[in-house]
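Can you make the complete structure from the sequences, with help from the hints?
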Amino acid sequence: MIRALFSAGSGMNAQQMSIDNIANNLANANTVGFKMRRTQFQDLIYQNYIQPGAAAGSQTVVPAGLQLGLGTRPVSNEVIFTQGSFQETDNPLDLVIQGRGFFQVRLPSGEVAYTRAGEFQLDRDGNIVTSTGDPIEPQITIPPQAQSITIGSDGTVSYTQPGQTASQVAGQIQLANFANPAGLNSLGTGLFTPTDASGDPTVGLPGGQEGLGTLQQGYVEQSNVSVVEEFINMIVSQRAYEANSKVVKAADEMYQDVNNISQ
Amino acid sequence: MDNLMSAAASGMKAQMESLEMLANNVANTGTVGFKSDREFYNLYTSPDASAAAADGFHPDASTLPVIERQWTDFSQGTLLPTGNPLDLALTGPGFFVVKSAAGPLYTRNGNFQLSKEGQLETQQGYAVEDDKGQPIQLDPAQRVDISADGVVRQQGQEIAQIAVVDFSKISGLAKRDGTYFQIDSNVVAPNPAKDTQVKQATLENSNVPAAEAAVRLVGVLRQFEMLQRAVSLGTQMDKSIQDIAKVTS
Numbered sequence: 000m001i002r003a004l005f006s007a008g009s010g011m012n013a014q015q016m017s018i019d020n021i022a023n024n025l026a027n028a029n030t031v032g033f034k035m036r037r038t039q040f041q042d043l044i045y046q047n048y049i050q051p052g053a054a055a056g057s058q059t060v061v062p063a064g065l066q067l068g069l070g071t072r073p074v075s076n077e078v079i080f081t082q083g084s085f086q087e088t089d090n091p092l093d094l095v096i097q098g099r100g101f102f103q104v105r106l107p108s109g110e111v112a113y114t115r116a117g118e119f120q121l122d123r124d125g126n127i128v129t130s131t132g133d134p135i136e137p138q139i140t141i142p143p144q145a146q147s148i149t150i151g152s153d154g155t156v157s158y159t160q161p162g163q164t165a166s167q168v169a170g171q172i173q174l175a176n177f178a179n180p181a182g183l184n185s186l187g188t189g190l191f192t193p194t195d196a197s198g199d200p201t202v203g204l205p206g207g208q209e210g211l212g213t214l215q216q217g218y219v220e221q222s223n224v225s226v227v228e229e230f231i232n233m234i235v236s237q238r239a240y241e242a243n244s245k246v247v248k249a250a251d252e253m254y255q256d257v258n259n260i261s262q
Numbered sequence: 000m001d002n003l004m005s006a007a008a009s010g011m012k013a014q015m016e017s018l019e020m021l022a023n024n025v026a027n028t029g030t031v032g033f034k035s036d037r038e039f040y041n042l043y044t045s046p047d048a049s050a051a052a053a054d055g056f057h058p059d060a061s062t063l064p065v066i067e068r069q070w071t072d073f074s075q076g077t078l079l080p081t082g083n084p085l086d087l088a089l090t091g092p093g094f095f096v097v098k099s100a101a102g103p104l105y106t107r108n109g110n111f112q113l114s115k116e117g118q119l120e121t122q123q124g125y126a127v128e129d130d131k132g133q134p135i136q137l138d139p140a141q142r143v144d145i146s147a148d149g150v151v152r153q154q155g156q157e158i159a160q161i162a163v164v165d166f167s168k169i170s171g172l173a174k175r176d177g178t179y180f181q182i183d184s185n186v187v188a189p190n191p192a193k194d195t196q197v198k199q200a201t202l203e204n205s206n207v208p209a210a211e212a213a214v215r216l217v218g219v220l221r222q223f224e225m226l227q228r229a230v231s232l233g234t235q236m237d238k239s240i241q242d243i244a245k246v247t248s
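Just so you know, the protein sequences line up as chains A and B, in that order.
Its first residue numbered 0, the first sequence is counted upward by one per residue in numbering that gives the first Met the number 0.
Its first residue numbered 0, the second sequence is counted upward by one per residue in numbering that gives the first Met the number 0.
These aren't lab readings, by the way, just hints derived from the structure by calculation.
All C-beta atoms, glycine included, are put in the ideal place defined by N, C-alpha and C.
Please note that a few of the clues may not be correct.
To be verified - Here are some, though not all, of the chain A residues that point toward chain B, as calculated from beta-carbon distances under 7 Å:
| id | residue |
| --- | --- |
| 1 | L67 |
| 2 | I79 |
| 3 | A178 |
| 4 | N179 |
| 5 | V246 |
| 6 | M253 |
Said to hold, decoys possible - Output of the computed footprint for chain A on chain B, the stretches with three or more beta carbons under 8 Å from beta carbons of chain A:
| id | segment |
| --- | --- |
| 7 | 3-17 |
| 8 | 31-42 |
| 9 | 144-150 |
| 10 | 227-241 |
Claimed, not checked - Simulated crosslink set (DSS-like; lysine-lysine; CA at most 27 Å straight-line):
| id | chain 1 | residue 1 | chain 2 | residue 2 |
| --- | --- | --- | --- | --- |
| 11 | B | K193 | B | K245 |
| 12 | B | K12 | A | K248 |
| 13 | B | K168 | B | K198 |
| 14 | B | K98 | B | K12 |
| 15 | B | K115 | B | K168 |
| 16 | A | K245 | B | K12 |
Printed below as a string of structure tokens:
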């Protein structure tokens, strides 16, 4: 009886976490480079009353035992790295990756983090930095007098000096990829760091053999959150929460009935 | 306790177990690959009574309603498109085979991922087996294509064939946590599943029917109330008998 209460309670807990996750996805529906997360649940251990296959008599065995489950728990909310839609901005430092790669940025701590948000800017020293000011890795510097910045699909950053027709190469952007991107650790502000689950990064040039993807200048990648899908998930989670609360109520009423027997 | 009371009490216990099973089903309405449990009621006959029946006596044996066992409803859950190429769903009977420390486990939860070595594995880190019982090694940088017959291809090259097995007697499977099943009696053995298709970028949602669960919840609750009334009635009758039999001093 108490088991029913806790099983239904675990279901309410899980659905609540699902709603929390949906809220975060929806809140970031317009965040550039944001990747949605999806909550996964799994059932808990089963209490064996009668072991399946146990002897029921000298000749027969129980064909299927009696196992009572103890509810559910959220097991993971993995990041879904599908491609978001592209939006044209005409800003020469806005980049999208058409493929599976990540930009590398150097954090103030010296650690390298990975992001899909290609909204870059120049800092006062002419370094290409993210909107939070972290420089891209390897560092690329554009002199202040540069006229136009061109970034090729292979990541080559070039610019022209005033009065010159030939363009000069400032550097080449490198991309990284992971065996299991879903295992990356989210730092917030669109940044990810590798974990034991994601594996070590494979670094390469855009358009290369590693399948990291090519770059496209003048576009940003929108989040991959589908608002319609999130709303549907929200309805499902809300109804499931309600159903679990009904079970709690039923268990409570039955318990009350038991207490009323001895009157 | 007389027959009425013990039968009603046994019924109440069975209804409670029904509710516990229902609670677990409802809690897992969002669990990918979950299969709902249903109960089998039976009548319990005491060993003495069945021995007497074997000798030709048919006493007014006390039989009690009990939940003898549960059966798992292996019907297809609804398919959920996810867009993730490593999410697989099965249409038709069958299970994926994964390797755990405790031997092979079977699951319909195809929410797979790549390990950092590039092996296809479940969220718990169990390797997904191919038809030869080997783990499936993929190149993480390349796109993965899995066709309906379970063949895994990368860049047009055939890498492996995902094992999909079925059982002649599916009731010999016992549930483990994490939507896994394990063979629990030696009467069943896995065979390659026939006509079962693998769908890429799709997950199979739990097959708990939410509306039916609500109806059954009301049913359990009302039956439990009726049994409780029966017990109360029994108590009253006992009391009446005691009142009649009271010897006035």
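field: Claimed coverage, the segment 227-241 of chain B by chain A - three or more beta carbons nearer than 8 Å
entry: Since three or more residues must qualify, the claim that chain A covers the segment 227-241 of chain B holds, with 4 doing so at under 8 Å.
- request: Go through the hint on V246/A and say holds or violated, using the shortest Cβ distance to chain B against 7 Å.
  value: 5 Å, holds
field: Given hint M253/A near chain B, where the shortest CB pair must fall under 7 Å
entry: The hint holds - M253/A has a Cβ within 7 Å of chain B, the shortest such distance being about 5 Å.
query: the segment 144-150 of chain B covered by chain A? Criterion: 3 or more residues, Cβ-Cβ distance below 8 Å.
result: violated (count 0)
field: Verdict on chain A covering the segment 31-42 of chain B, criterion of 3 CB contacts below 8 Å
entry: holds (count 3)
task: Mind checking the CB of I79/A against every CB in chain B and telling me if the closest is under 7 Å?
output: 6 Å, holds
query: K193/B and K245/B: Cα distance at most 27 Å?
result: 73 Å, violated
- prompt: CA of K245/A to CA of K12/B, is that 27 Å or under?
  reply: Roughly 20 Å between the alpha carbons, so the hint for K245/A and K12/B holds.
Closest C-beta approach of A178/A to chain B relative to 7 Å, hint status: It holds, given that the least Cβ distance between A178/A and chain B is near 4 Å, below 7 Å.
field: 27 Å Cα cutoff - pair K168/B, K198/B
entry: 25 Å, holds
message: Can you verify the interface hint for L67/A: is its Cβ closer than 7 Å to any Cβ in chain B?
response: 5 Å, holds
task: For the hint on N179/A, just tell me whether its beta-carbon gets within less than 7 Å of chain B.
output: Holds - the Cβ of N179/A comes within 7 Å of chain B, reaching about 5 Å at its closest.
In this structure, the earlier hints numbered 9, 11, 14, 15 are contradicted, and the remaining ones agree with it.
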